[in-house]
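Undergrad: Chain by chain, the residues run as shown.
Number of protein chains: 2
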Amino acid sequence: MSARGNLVVGQSGGPTAVVNASLVAVIQEALRHEAIGEIYGMRFGALGLLQEDLVDLRRVSREILEDLRRTPSAALGTSRVDLGDDDVEQIMRTLQAREIRYFLYIGGNGSAATALRLHRLAADVRYDLRAIAIPKTIDNDLVEIDHCPGHPSVARWLGVSVREAGLDTEAIGTADPVKVVETMGRHTGWVAASTALARQREGEAPHLIYLPERPFATQQFLADVERVHRERGHVLIAAAEGLVDARGQFLAASQRSVEADPLGRPQFGGVGAVLCDLVMTHLKLKARFDKPGTMQRVSSILVSSVDAEEAYRVGQAAVREAVAGGGGTMITLVRDPGPAYRSTTGTVPLDRVVGNVRRVPEAFIAPSGHDVTSAYLDYIRPLVGPLPRYAKLQ
Amino acid sequence: MSARGNLVVGQSGGPTAVVNASLVAVIQEALRHEAIGEIYGMRFGALGLLQEDLVDLRRVSREILEDLRRTPSAALGTSRVDLGDDDVEQIMRTLQAREIRYFLYIGGNGSAATALRLHRLAADVRYDLRAIAIPKTIDNDLVEIDHCPGHPSVARWLGVSVREAGLDTEAIGTADPVKVVETMGRHTGWVAASTALARQREGEAPHLIYLPERPFATQQFLADVERVHRERGHVLIAAAEGLVDARGQFLAASQRSVEADPLGRPQFGGVGAVLCDLVMTHLKLKARFDKPGTMQRVSSILVSSVDAEEAYRVGQAAVREAVAGGGGTMITLVRDPGPAYRSTTGTVPLDRVVGNVRRVPEAFIAPSGHDVTSAYLDYIRPLVGPLPRYAKLQ
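Protein sequence lines correspond, in order, to chains V and H. Take 0 as the starting number for the first sequence in numbering that gives the first Met the number 0 and just add one per residue. Take 0 as the starting number for the second sequence in numbering that gives the first Met the number 0 and just add one per residue.
Everything labelled a hint here was simulated from the structure, so no lab data went into it. For glycine and all other residues, C-beta sits at the position ideal for the given N, C-alpha and C. One thing to keep in mind: the hints can contain errors.
To be verified - Listed next, with one range per pair, are the computed distances between beta-carbon atoms: (1) H/Val356 x V/Leu221: 52 to 60 Å; (2) V/Gly232 x H/Val142: 30 to 38 Å; (3) V/Glu225 x H/Asp335: 50 to 58 Å; (4) V/Leu376 x H/Arg61: 26 to 34 Å; (5) V/Arg341 x H/Asp335: 49 to 57 Å; (6) H/Asp66 x V/Arg341: 52 to 60 Å.
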């Protein structure tokens with residue numbers, strides 16, 4: 000049951016290494032369906048619909064599409080606007096005026112919420128709109144999906160980069176014994192957890208991994224660092240930017256940059272400096288931090304091939320679902336049972352996704368609170384693929 | 000004229016992506032010379048000689064050597080000790096006791112200085128020692144050499160990573176318009192300058208590049224950022240960690256971490272936060288920083304093939320020079336004339352290198368003070384090789 004109509008696709012939230020693969024999949028799949036007329040791209044997410052800043056994606060050449068599939072970041076531009084009810088109604092009028100019946104939004108929870116609002120409003124105004132969310136978030140915090148496109152590539156980037164940063168600290172430990180790697184992850188520890196992939200051999204970096212799922216305890220942290228330093232002569236600590244203390248306050252909230260944020264929002268990114276200060280002040284050990292920041296989420300070089308392929312498939316599935324009459328759903332990835340990794344796509348109603356956050360489960364966090372479990376490694380390894388192996392002298 | 004004797008090799012200072020290639024070259028070349036008996040590796044640089052913590056490198060298997068050649072960081076470990084005269088005399092006694100006549104030290108200025116001290120002391124005590132420095136520093140600040148092994152790989156890493164981080168900022172500029180990438184470079188701007196490689200098209204990131212060679216002027220900086228933001232809607236700033244103000248004070252010296260450094264040395268790494276504070280406070284624009292830190296210097300994935308090959312050749316040349324009777328020298332790289340890039344190795348007396356720092360020359364800095372010139376790009380591009388090209392929608 001397909002209604003002839005136009006399609007609009009947008010990208011929202013933080014860019015990733017593979018979100019353009021989802022976009023290209025939407026375009027290439029849409030080109031195959033008679034039911035789809037125009038193929039519009041929103042410039043800068045929902046802003047593009049509010050301001051009618053739309054791109055004609057039928058005009059993009061086949062060659063550019065193929066190159067774009069492997070280009071990191073988000074080619075349409077993204078946004079993080081909070082839409083008011085007036086905005087949503089204005090967008091609905093634009094969709095109706097342009098006879099857009101397929102609304103595909105690539106993003107995380109915020110994008111799913113926008114899709115759900117349009118889905119409900121369309122029902123209210125009796126407009127046949129198929130609003131579908133295509134999952135994308137490096138944070139891996141959407142529910143009802145095995146993992147989120149974008150996350151495996153960050154995990155791969157951090158697995159390799161922390162392995163290398165660990166070799167660096169091991170080499171220079173006599174002069175520079177403590178290093179903190181501050182990862183992304185404002186509310187969950189999925190990204191920080193993935194640094195565990197860095198370990199090629201027992202006892203290698205990261206030696207301590209701190210996740211927002213467990214309140215950060217300063218005395219325990221100092222005891223942990225002191226112990227690892229005593230045992231190994233060097234320490235590599237992985238810490239999520241969103242670490243909180245026992246009162247639920249962000250650790251980074253003590254940083255100057257918070258007060259200076261002109262938008263009044265907490266500025267994440269100070270955890271590395273805070274932890275280094277603690278180590279230097281209390282343990283009298285030299286400490287430095289690496290904060291790869293946005294580089295970790297948009298690397299084309301260390302992209303996971305599973306991730307790139309799945310990001311394409313969820314985009315493709317969204318178009319098929321929409322044309323088949325679906326709507327008000329998010330495309331999911333389901334991990335097939337069996338020893339070899341395989342996934343299939345599925346759908347879930349948006350109201351089961353929106354507003355829910357999947358934190359790292361207990362089964363994936365070591366009892367110590369500063370490491371992951373083998374169950375976690377079994378979960379993440381197939382998504383990331385093999386990492387380069389490095390030699391040691393002894 | 001070769002004296003039969005043992006050889007010792009060490010690595011010093013910051014690890015790099017290719018310093019193990021130099022080490023493997025020394026071992027593999029040494030294995031070919033009858034004049035060389037034992038092949039010792041110093042554990043943690045000069046510390047290994049002070050504490051007689053030496054590794055028998057003849058016992059390392061051929062397979063491990065081949066893997067090690069492509070393994071980042073410094074497999075022997077490095078150090079940053081300040082040697083006293085007593086230390087140097089003790090090392091000399093160890094060299095004599097172990098009949099070590101070949102002293103090869105892979106590092107930057109500090110390592111060259113150690114080699115020079117041993118060279119002079121050996122002359123004083125009439126011990127036939129061939130002390131040779133093998134150049135290695137990501138900072139690219141040694142004189143009398145076209146470029147330093149280790150630097151081209153950092154330049155390649157930053158070229159790609161800043162290109163990707165720039166696409167990220169371009170995509171998300173409506174929400175997150177200003178990004179600072181803080182690069183290594185405590186006293187020179189070579190590393191920061193290399194971010195210019197990121198530009199694939201006119202007007203792309205980085206939009207502003209600040210080097211320690213020019214005093215940082217706050218009002219000019221704010222005017223520059225404001226202008227780029229007005230013109231493009233987003234700004235990517237590359238800044239060296241060692242930026243100084245007009246009085247020669249490190250910008251990062253205002254950071255808390257400085258006071259907390261237990262060793263009383265300035266802690267670099269605060270420039271990103273300082274610049275973000277300036278932008279947020281004075282321009283009321285949201286700003287964030289990426290500080291890839293040690294990750295930029297030890298990436299095996301983005302290693303420059305020219306760099307890996309040259310790092311091997313300087314190690315090889317050092318052994319040949321030593322066996323041929325040379326000493327008191329540093330191996331150099333000389334760029335051949337002609338359109339295609341080619342280099343040869345040479346030697347320079349250590350006393351022409353030690354204590355001198357090569358800063359980025361005027362001819363490589365744009366008149367604006369916040370960019371590089373085409374002469375610089377002509378210098379750096381052949382060392383780095385082609386970077387991945389990314390697609391754009393328009």
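Undergrad: For every hint, state whether the structure bears it out.
TA: Evaluation of the provided hints:
no.	hint	result
1	H/Val356 x V/Leu221: 52 to 60 Å	violated (38 Å)
2	V/Gly232 x H/Val142: 30 to 38 Å	holds (34 Å)
3	V/Glu225 x H/Asp335: 50 to 58 Å	holds (53 Å)
4	V/Leu376 x H/Arg61: 26 to 34 Å	holds (32 Å)
5	V/Arg341 x H/Asp335: 49 to 57 Å	holds (53 Å)
6	H/Asp66 x V/Arg341: 52 to 60 Å	violated (32 Å)
Hints 1, 6 from the list above are not met by this structure, while the remaining hints are.
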